[in-house]
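Peer 1: Sequence:
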Amino acid sequence: MNFVEELRWRGLLHDIMPGTEEELAKGMVTGYIGFDPTADSLHVGSLSQIFTLVRFQQAGHKPLALVGGATGMIGDPTGKSQERNLLSEEDLQKNLQGIQKQLEQFLDFDCGANSAEIVNNYDWFKNYSFLDFIRDAGKHITVNYMMGKDSVKKRLESEVGMSFTEFTYQLIQGFDFYHLWKERGCLLQMGGSDQWGNIVTGTEFIRRKAGGQAFALTSPLIKKSDGTKFGKTEGGNIWLDAKKTSPYQFYQFWLNSSDEDAANFIKIFTFFSKEDVDNLIAQHQPAPHLRLLQKALAEDITRRVHGEAALQTAINTTDFLFGNGSLDFLKALSHDEVLGVFEGIPQFTIPKTSLDTDTDILTLLAEQTQIFPSKGEARKMIQGGGVSLNREKIATADVVVNSSLLISNSFLVVQRGKKNYFLIIAE
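Using this note's numbering, the final residue of the sequence shown is 526, and nothing's skipped along the way.
It is possible that some hints are incorrect.
[To be verified] With a straight-line cut-off of 27 Å between C-alpha atoms, the simulated BS3-like cross-links for lysine-lysine are: (1) K322 with K394; (2) K451 with K394; (3) K343 with K253; (4) K394 with K373; (5) K343 with K322; (6) K518 with K343; (7) K308 with K125; (8) K252 with K238; (9) K342 with K125; (10) K517 with K430; (11) K342 with K430; (12) K366 with K322.
[Said to hold, decoys possible] Label-pair restraints from in silico Cβ distances: (13) G422 with Q482: 24 to 34 Å; (14) S187 with N226: 13 to 23 Å; (15) E374 with R234: 47 to 57 Å.
In case anyone wonders, no lab produced these hints; they're calculated from the structure.
Backbone N, C-alpha and C fix where the C-beta goes; we use that ideal spot for every residue, glycine too.
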């Protein structure tokens, strides 16, 4: 597999330093991508870079994933309108551990010469004094050079300006590349296109300090076709951590992609061959309402990130909420998994003792919960056949509810109309 050609057809090649492709053709190259520990989980926006490292390894090269224990104490100013809050050491360590665990899901750490490695720049900065750093690194990169970077220019022109701490970020990142070049024989740094300035600072530092040569490659920042930011929903970031974003929500994020986005994302976020991708797009186009492309994308990436069992739960959840899935699916889940299925869906908590005796359905829907604003409206919709309890249509307003109807001894599922779901939790 030719790594650069693979990136090119997938639309993942933005900038590449002259000579990079030729260097990669000579044999195994060590290359790295840095990951910022701003949270204890990466999000879907990070997947394009994680998968770039995976493709790099599949092409026979050696990937290094750098977690920024040192740079995380500063915060990358690139693309930021104001300075980030500095993390405490405790939060930083928690974030580093979470990110390292996620990276270990995807890369192969035991495949011989090109086994992946995780490195932490705190390891080489922790005993480095400030005076040593400005002598060894600061004198090789001029202020004029540093101020020429777009990330610096934009902040200097803004009202908030830029602190000296952030100004030094590109120098520290450049030193990372130099350290890995010198100690690990690392010749290539990769990243998003917004990192080009920081990356070439590293290649320039290697040239000026040691007379060496290193290379750079970036991929475009992922955008949605409608111009909105990729990786976010109304609820916030789509995280890789199942505790932050449930596998169902993760699956739905990809399933709800537009046709144009799905045709783009399936190249970026899956490992399907070009032939497979072309075939999927060709099959999708005559019947886009079947969403074949979105389903293939959502299934493949959910399986890769969360595993087969979580994928099946996500598919069953989708069938339950939007199709004719059975209650048996919910009965097989744990308490927390049921809550995960209904995350983002209105929930009401009632005392379990209130169901020890029969409770009429109108009281449940309009007084114990606020599924309906009044008993009158609840009655009217029941009479129109528009209310279901545990997937069973409520025939009359005289129906009574008791604890025998609880799913897993805790839940009642109410459906108002075709798509409005509510979860009642009896505690």
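Peer 1: All the hints need checking, so say for each whether the structure fits it.
Peer 2: Going through the hints against the structure:
1. K322 with K394: Judged against 27 Å, a Cα distance of about 20 Å means the pair holds.
2. K451 with K394: 39 Å, violated
3. K343 with K253: Judged against 27 Å, a Cα distance of about 33 Å means the pair is violated.
4. K394 with K373: 18 Å, holds
5. K343 with K322: Holds, at roughly 22 Å.
6. K518 with K343: 24 Å, holds
7. K308 with K125: 25 Å, holds
8. K252 with K238: Holds. K252 to K238 sits at ~21 Å (cutoff 27 Å).
9. K342 with K125: 43 Å, violated
10. K517 with K430: The hint holds at about 22 Å.
11. K342 with K430: 21 Å, holds
12. K366 with K322: 14 Å, holds
13. G422 with Q482: 24 to 34 Å: 26 Å, holds
14. S187 with N226: 13 to 23 Å: 21 Å, holds
15. E374 with R234: 47 to 57 Å: For E374 and R234 the Cβ distance comes to about 55 Å; the hint holds.
Consistency note: the structure conflicts with the earlier hints numbered 2, 3, 9.
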